[in-house]
Amino acid sequence: MKSVLGDRKAITLLLTPALLVYTLIILVPVAWSFGLTFFSGSALEGFEFVGLENFSRLFSDPYVWDAFWFTIKYALLVTLFQVVLGYGLALLYNFVLRKSSVLVRTLVFFPVVLPTVAIALLYQKLFQSAPVDGLVNELLVNVGLSSVDWLGTGTTAFVVIVIMDVWRSVGFYGVLVFSGLLDIPDEIIESARIDGAKSFKLLRHIVLPMSLPILFASFIFSINGTIKVFDSVFALTGGGPGNSTTPLTLYMYRTAFQFSDYGYGSTIALLLTVMCLVVTLVIFRSSRRDLSV
Amino acid sequence: MTTTIETTAVHTQRAVVSHSGGPGAAFVRFLKRIPAWLTIAFLIVVTAYPLFWMFINSLKSNSDFLSNPSYAFPEVWQWSNYPLAWETGNLATTISNSIIVTVPSLFFIVILGTAAGFALEILVFKGRAAVLLLFLAGIMIPGQMIVLPLFTAFFQIGITGSYLPMILIYTAAGLPLTVFMMATYFRAIPREIFEASTLDGASMIRAFFSIGLPMMRNAVLTVAIVQFFLIWNDLLIALIFGGKKSLNTIQVGLLNFSGEYGAINYGPLFAAICITSGGILILYLFLNQQIMKGLAAGAVKG
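Just so you know, the protein sequences line up as chains A and B, in that order. Sequential numbering of the first sequence, starting at 1, is according to the numbering used here. Sequential numbering of the second sequence, starting at 1, is according to the numbering used here.
No lab work stands behind these hints: they were computed from the structure. This one's a predicted model, so the numbers in the text were calculated from it and none came from an experiment. Even glycine gets a Cβ: it sits at the ideal position worked out from N, Cα and C. Some clues are possibly wrong.
When the alpha-carbon atoms are kept at most 25 Å apart in a straight line, the in silico DMTMM-like pairs for lysine to aspartate or glutamate are as follows [as the list claims (entries may be wrong)]:
hint	chain 1	residue 1	chain 2	residue 2
1	A	LYS73	A	ASP61
2	B	LYS32	A	ASP186
3	B	LYS245	B	GLU260
4	A	LYS73	A	ASP183
5	A	LYS9	B	ASP64
6	B	LYS126	B	GLU192
7	A	LYS99	A	ASP183
8	A	LYS99	A	GLU187
9	B	LYS32	A	ASP61
10	B	LYS32	A	ASP149
11	A	LYS201	A	GLU187
12	B	LYS126	B	GLU75
13	B	LYS32	A	GLU45
14	A	LYS9	B	GLU192
15	B	LYS244	A	ASP149
16	A	LYS99	A	GLU190
17	B	LYS126	A	ASP61
18	B	LYS245	A	ASP195
Chain B regions said to be covered by chain A (calculated; three or more residues, Cβ under 8 Å) [unchecked claim]:
hint	region
19	39 to 49
20	229 to 238
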């Protein structure tokens, strides 16, 4: 019987096309990109071997470290909000709204499917302060506060980026965790209720432990996305004002495509890839420890 | 804001009625539900109002937008903003470009990904766990790590002025998650089904096309939907390989439009955002259930 499932011809024909495309378009370029870190130049100008120059530049470039910290700050904060608020939403869907949650779920999911550029342009207008105030500043002025130049300083622009990215993704995490909560058998919840467990205790001792796997999955998904943030920042602030909201992804894009420095761009991309790798490894390490306990 | 207040008022009123009529327990239970209702009202306002706000502003003239509060209704409902946005925003071109790169990519992702998932999960050979892991690693790799060599290579072959680079990259980038998801779905199907079919003389390849693929109809739809939104809403690859005006996708087109024409023509800019968002929202409403299931499944497995 094994021989049928081990049919060489079938394996080759079914697996090779995908493996070939994946290797040529993803794996080879990753290795090539690594090689580029030892060169300077671009596709149009030609390349020149520079040894480890790009790496020494990387470590002494203050912009890289600004971008690095911005990426970390953004990823941690947005991941935290996505997972915590998503969990709150899921609890609301599952325990408060129950069967009637479809409508709210559908609505809160809306922004997830919208083009990021469309959302970013909408947020530019919502938070605008010139030539006229946008909705947010109008609200502030109406309650007696003064209007804020939201996208004019790094700190406030960061706030807008975080609000926007949480707004556009929280519906997704709500549905994600909700699909996990559905797997908790009703009998367990019911019997705990009958035993006199109050809502909070029920949440702490039954729901939370039982939804850890799905929380973990949403955390992985979230951090994997936020660490690579590009489109929302690019479209909303373009990295500005100055360099204050530039993540590594955007700094790499600028270096490579505006300043035509492929070598240094690859070096920044490598730093980003190493970050992703470290985060992935740390997560899987900790998950294995959790499972073994 | 008003919605929140109204909801509270309605419920306080009802609460009073139930208090005078029914037992105290019902009233207490009702009071307990008020925070939940407030939360729901808040959610609805926060999600829907910005979209509604975008819509009313898409119907304003420039002077209306500049001189009146942004939450006010238009003085004159200027529907002409829409054809104007369609024309100057080049929307016909960008929408058809988005379709031209998305559809073939989805087709290849589904065919190649399902076949590979089948080979890796149903068929038996040495090293399949390693190959699966190799695919899985692709989920982690940022686009920035592959674009420079690809740009160089595509430039040298001379295809940077066509749709090909985008289609190739989207296909390859979609494979890791798809292969992994399809492998997970195939895991639920007993191998014996495929073994039995080969007893009748069908080859394993036939078994894949006549049994495996049709069995995966739902999974294929799910995968296609997940990938559709990822490709449709991509910006990085579209900026680098679709930078030429005739190759602009919706995302890049919108960005250029807001930079050039839309910077001072507020109504048409809002209208362009509405058109591009509206189309996708309608599609979403049609596929709602499948999308939620699919995106959640994709994430759990990814």
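Agreement of LYS99 of chain A and GLU190 of chain A with the hint, judged by alpha carbon distance not exceeding 25 Å: It holds: about 17 Å lies between the C-alpha atoms, which stays within 25 Å.
Satisfaction of hint between ASP183 of chain A and LYS73 of chain A, Cα-Cα up to 25 Å: 33 Å, violated
Chain A covers the region 39 to 49 of chain B, three or more CB atoms within 8 Å, holds or violated: Held - the region 39 to 49 of chain B has 7 residues with a Cβ nearer than 8 Å to chain A, which meets the minimum of three.
What's the verdict on LYS32 of chain B and ASP186 of chain A, does the C-alpha distance respect the 25 Å limit or exceed it? 22 Å, holds
Given hint GLU260 of chain B paired with LYS245 of chain B - CA-CA distance at most 25 Å: 13 Å, holds
Given the hint that LYS244 of chain B pairs with ASP149 of chain A, test it: the Cα-Cα distance must not exceed 25 Å. 34 Å, violated
Outcome, coverage hint (the region 229 to 238 of chain B, chain A; C-beta under 8 Å; three residues): Since 6 is at least three, the answer is holds.
For the pair supplied as a hint, LYS126 of chain B and GLU192 of chain B, is the alpha-carbon distance within the 25 Å limit? 20 Å, holds
Pairwise hint evaluation, GLU75 of chain B against LYS126 of chain B, where the allowed Cα distance is 25 Å at most: 71 Å, violated
LYS32 of chain B and GLU45 of chain A: Cα distance at most 25 Å? Outside the cut-off at roughly 69 Å; violated.
Straight-line alpha-carbon gap LYS9 of chain A to GLU192 of chain B, limit 25 Å: This hinted pair holds, its Cα atoms lying about 19 Å apart.
Hint check: LYS99 of chain A vs ASP183 of chain A, CA-CA at most 25 Å. Holds or violated? Given that 25 Å is the threshold and the Cα spacing comes to 15 Å, the pair holds.
In the structure shown, a violation is registered for the earlier hints numbered 4, 5, 9, 10, 12, 13, 15, 17, 18, in ascending order.
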